[in-house]
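Participant: Residue numbering for the sequence shown follows this note's numbering, starting at 35 and increasing by one per position.
FYI, nobody ran anything at the bench for these hints, they're computed from the structure.
The reader is advised that the hints may include incorrect statements.
Derived DSS-like pairs (lysine-lysine); straight-line CA-CA distance at most 30 Å [said to hold, decoys possible]:
(1) K220 - K156
(2) K313 - K375
(3) K313 - K220
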Amino acid sequence: MQFAKVLPMTPYPAQTRYVRRACEQLGFRFVDLDDGGGYLFAVSDGAHEFVSGSAAICTWPLNSAHAFGVSRDKHHTNTVLARAGLPIIPSRLFFLDERHVKMRAPGRERADALEAFAQMAKPVFCKPNTGSHGDFAECIGDAASFQDYLGRVARHYEMILLQPALEGHEYRVFCLDGEALFAVRKAEFALTGDGRSSMRELLRAHNRGFEGKGVSLVAEEATLAALHLRHDMDGDYVAATGERLVLPGRRNLSAGGDVDAFNTEIPAALARLALGATKALGLRVAGIDIFDTSPTRDLSALVVIEVNGNPGIQALEAIGRDDLIDHIWQTVLTRAVAEMK
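Model the full assembly from the supplied sequences, consistent with the hints where possible.
Facilitator: Encoded structure:
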C-alpha cells in the first residue's frame with residue numbers, strides 16, 4: 035500500500051511551518067528573521083528565546099552542535115556506530131580534489147577511488163559524504179559511468195563514499211529523547227506508465243520536477259541501463275497506463291519518493307537499532323535509515339544506512355498525520371524552553 039498526498043506549496047520550508055504552528059498552539063511567539071523566507075526564526079515563551087531555522091541550520095533545538103556535526107559526516111557516523119558495535123554498511127571514503135591533500139594520509143585520492151571501484155562487485159553504490167535528500171546517491175555499474183559520476187559530483191562535493199549495493203526494505207525510524215515514535219517503510223523508486231510516454235520521457239518529466247531545488251537529477255543513462263538489465267526494456271518502451279516499473283533510485287520523500295507503510299508500533303528490532311544509533315551519536319532527535327537485508331524481509335538482518343541529525347518529518351504530512359507532527363514539535367519546543375530556565 036502506498037500513501038499519496040500533495041504537500042502544500044507555501045513560502046516557508048516544511049519544518050518552519052511546523053514550528054510556527056506549534057508556537058501558535060502553545061501560545062509561544064514565532065518571529066521570522068528571514069524577511070518572510072522562514073529559513074531563520076526565533077521562538078520565545080515570553081521569558082526565554084532561542085534562534086533556529088531550516089535547511090543548513092539544524093531545526094531541532096534539543097540536538098547539540100557536536101552531535102549534529104558528527105551526524106552530518108557519513109564516514110564519521112559509521113566510525114562511531116561501528117565502535118558501538120552496531121551493524122553498518124562497509125564504506126570507503128575518497129576525496130575528489132587536491133586542495134587539502136597534504137592534510138590527510140595517502141590512499142584516499144581520486145586515483146584510489148578508481149582502483150577501489152574496479153575491484154568492487156558491481157554495481158557500486160556511491161554517494162557524497164555530506165549529502166542529503168539522496169543527492170548524487172547512485173548505483174554505478176561500469177568504469178565509464180563512474181568516471182562520469184566523479185566529474186558530476188566533484189562540482190558539488192569534496193568527498194564520496196563507495197559501498198556495496200544492497201537490496202532490501204528501507205526504513206526511517208524517528209527517535210526523540212530515547213523513544214522511537216514512528217517508522218515508515220520507503221517505497222522503491224519506480225516509473226509509472228501513462229500509455230503514451232516512453233520511459234526516457236517519463237524519467238525526464240520526473241527530473242524536471244526537481245530542477246532548481248538543489249537536488250541532483252536522476253542519472254538518465256544509468257537508470258535506463260538498469261531498466262534494460264532488470265526488465266529487458268529500453269528507453270523507448272511505452273509502459274501501459276498504471277504499469278509500474280521498479281528501478282534503482284532514491285527513496286527519499288523529499289526527492290520524490292513515497293511511503294509504503296507507516297507504524298507507530300515499531301518492531302523491537304528496528305526500535306532497538308535506531309535507539310542504539312541515536313544514543314551512540316549523542317543525538318536527542320534523529321531519523322535513522324535502516325536496511326532490512328534478510329532474504330524474507332523479517333528484520334533479522336538489519337544495517338544502519340545513515341543517521342540524520344536534522345530529520346524532516348514531511349512523511350507524516352504526506353499521510354495526513356498532522357496530529358503527530360504537532361505532538362512532536364509541541365514536545366520539542368516545550369522541553370527546549372524549559373531547559374533554558
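Participant: It remains to establish, for every hint, whether it holds in the given structure.
Facilitator: Taking the hints in turn, this is what the structure says about them:
1. Taking the CA atoms of K220 and K156, the gap is near 24 Å; set against the 30 Å cutoff, the hint holds.
2. For a cut-off of 30 Å, the pair hint linking K313 to K375 stands: about 25 Å separates their Cα positions.
3. A C-alpha spacing of about 23 Å is found between K313 and K220, which places the hinted pair at or below 30 Å, so the restraint holds.
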